[in-house]
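**Student:** Let's have the full structure, built from the sequences with the hints guiding it.
Chain by chain, the residues:
There are 2 protein chains.
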Amino acid sequence: MTAAEGLFVLEGRPTAQLIADQLREQIVQGAFRPGEQINESVLASQLSTSRGPVREALQRLCQEGILVSRRNRGVFVLELAIEDIREIYAAREAVESTAAAALLDAGSKSTRDTGLALKRIIRDMAKQVALSDWRAIARLDMDFHTTFVAGAGNSRLMRIYETLAAESRMCIFNLEVSYPRIDVLVEEHQNILDLLEAGNREDLFKAIKRHMQKAVEDLTAASEDNEIFA
Amino acid sequence: MTAAEGLFVLEGRPTAQLIADQLREQIVQGAFRPGEQINESVLASQLSTSRGPVREALQRLCQEGILVSRRNRGVFVLELAIEDIREIYAAREAVESTAAAALLDAGSKSTRDTGLALKRIIRDMAKQVALSDWRAIARLDMDFHTTFVAGAGNSRLMRIYETLAAESRMCIFNLEVSYPRIDVLVEEHQNILDLLEAGNREDLFKAIKRHMQKAVEDLTAASEDNEIFA
DNA sequence: CATCAGCAAATTGTTGACAATCTACAGTTC
DNA sequence: GAACTGTAGATTGTCAACAATTTGCTGATG
Chain H
2 MTAAEGLFVL
12 EGRPTAQLIA
22 DQLREQIVQG
32 AFRPGEQINE
42 SVLASQLSTS
52 RGPVREALQR
62 LCQEGILVSR
72 RNRGVFVLEL
82 AIEDIREIYA
92 AREAVESTAA
102 AALLDAGSKS
112 TRDTGLALKR
122 IIRDMAKQVA
132 LSDWRAIARL
142 DMDFHTTFVA
152 GAGNSRLMRI
162 YETLAAESRM
172 CIFNLEVSYP
182 RIDVLVEEHQ
192 NILDLLEAGN
202 REDLFKAIKR
212 HMQKAVEDLT
222 AASEDNEIFA
Chain E
2 MTAAEGLFVL
12 EGRPTAQLIA
22 DQLREQIVQG
32 AFRPGEQINE
42 SVLASQLSTS
52 RGPVREALQR
62 LCQEGILVSR
72 RNRGVFVLEL
82 AIEDIREIYA
92 AREAVESTAA
102 AALLDAGSKS
112 TRDTGLALKR
122 IIRDMAKQVA
132 LSDWRAIARL
142 DMDFHTTFVA
152 GAGNSRLMRI
162 YETLAAESRM
172 CIFNLEVSYP
182 RIDVLVEEHQ
192 NILDLLEAGN
202 REDLFKAIKR
212 HMQKAVEDLT
222 AASEDNEIFA
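Protein sequence lines correspond, in order, to chains H and E.
The first sequence finishes on residue 231 if you use our numbering, and the numbering steps up by one all the way, no holes.
The second sequence finishes on residue 231 if you use our numbering, and the numbering steps up by one all the way, no holes.
Keep in mind that the hints were calculated from the coordinates and are not lab data.
Hints may be right or wrong, so weigh each one.
Pairs count within a copy or across copies, as identical chains cannot be separated in the list.
In the SDA-like style, the derived pairs of lysine to any residue whose C-alpha atoms are separated by at most 20 Å in a straight line are [said to hold, decoys possible]: (1) K207 to A102; (2) K215 to A103; (3) K210 to S111; (4) K128 to R113; (5) K207 to S98; (6) K215 to D204; (7) K210 to L194; (8) K110 to T148; (9) K210 to L105; (10) K215 to D106; (11) K110 to E84; (12) K210 to G36; (13) K210 to Q129; (14) K210 to A103; (15) K210 to M143.
**Tutor:** Right, here's the structure in full:
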């Protein structure tokens, strides 16, 4: 058996995961309202499959915490309260700080690659800010942080963070927050990147902490004049 | 309809979750070898149910990362390499440090309750150390850290930590590590509790960090003379 | 008129059967 | 004898039908 370059296994990923990934994207983009029930039958027919694989995918998202399952009643989209926002961003700070420490400790090629990727994202972000494309901005915002954590090279941190990122996007979309501090958005991310490349450990931690705190403030402020929250 | 205290919904949890919880416990206790395939049919008959619910539970554990799914081949118990040990304990340090910060910031009744619970666990741990009951010691070790994180009152941190705790137990069991530093085990946990109650922030962070580093050292040392690892 | 029992529709939970795929082994060919 | 091919068994993936439960409605009853 000779190894052939450029060939890869076809559709290697399990079906339930593919469905779960699609559905997660739909949910964070607001295709379902918070608290809304997910009907297995209609979802199955939309995906032109049967209820079996759909149920398996739904269980994955329940384990992830994006959906909640109630026995004999079905699965529902997670409803976010103010307390949830605080939880999510506290957890994000924990993960990002650890990723930052790992990036600084590594301090090699992978760190430089991460820096380049982050630089590119910031450039795109500035472009979209000029165009006021909120959807794109939100996506790039998350791309920045996801790339940051990915740079740490810890697959568990990454898996954890992907869920937190999805929940953050749910917050942002459901609250229809249009980045009130749009002017400092690019600046804040650039600041984090600068501190990373400068190897300024303590200030980087502080910058991450402030970034998260500000996000919580914006989201909680927005949640007060929003019918979704209690 | 009058509200009755002390009553709760009977068997409110969904089936897939119940099966997943049982199976997770079996796995971390070493009922399945790392890399071993989980046969859906035999598992279904053991639980006297059909393959449907079993598959749903398996998907949950795949999402959690304790099992890995390969298309058209089935699900297998996660194989832990040395790199995984480092990942798990780095993530645990992140979560526990954040929980510690939250506990210190709260500094109220919940913090005191957590302290009492931790004290009780340490007392039991000392008892089991005297009896050399390794299984019980490992369980109490995890109980301590789980209780610690639970005290922070962040459900997301808790959910994350439960998976990491499960993976830690897999490490400990599979490597048959019998706590080489048995004499300092109680002491180390007592030290963490003392620093928490004293409100000594920086030293508490350092103690947690050291606790995790030592665990990684013990586990990696044990993994070198073990056929499971490469 | 309020309340409650009972019924009907919809949805989830479960099951067994069938199809697709992989693995291992035997047989064949060079 | 080595390597390849083909087949048989086992296991997973998928599906449609059936059972159980919940929910909303209807109407009887005080």
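**Student:** Would you pick out the hints that fail for this structure and give their numbers low to high?
**Tutor:** 3, 4, 12 and 13
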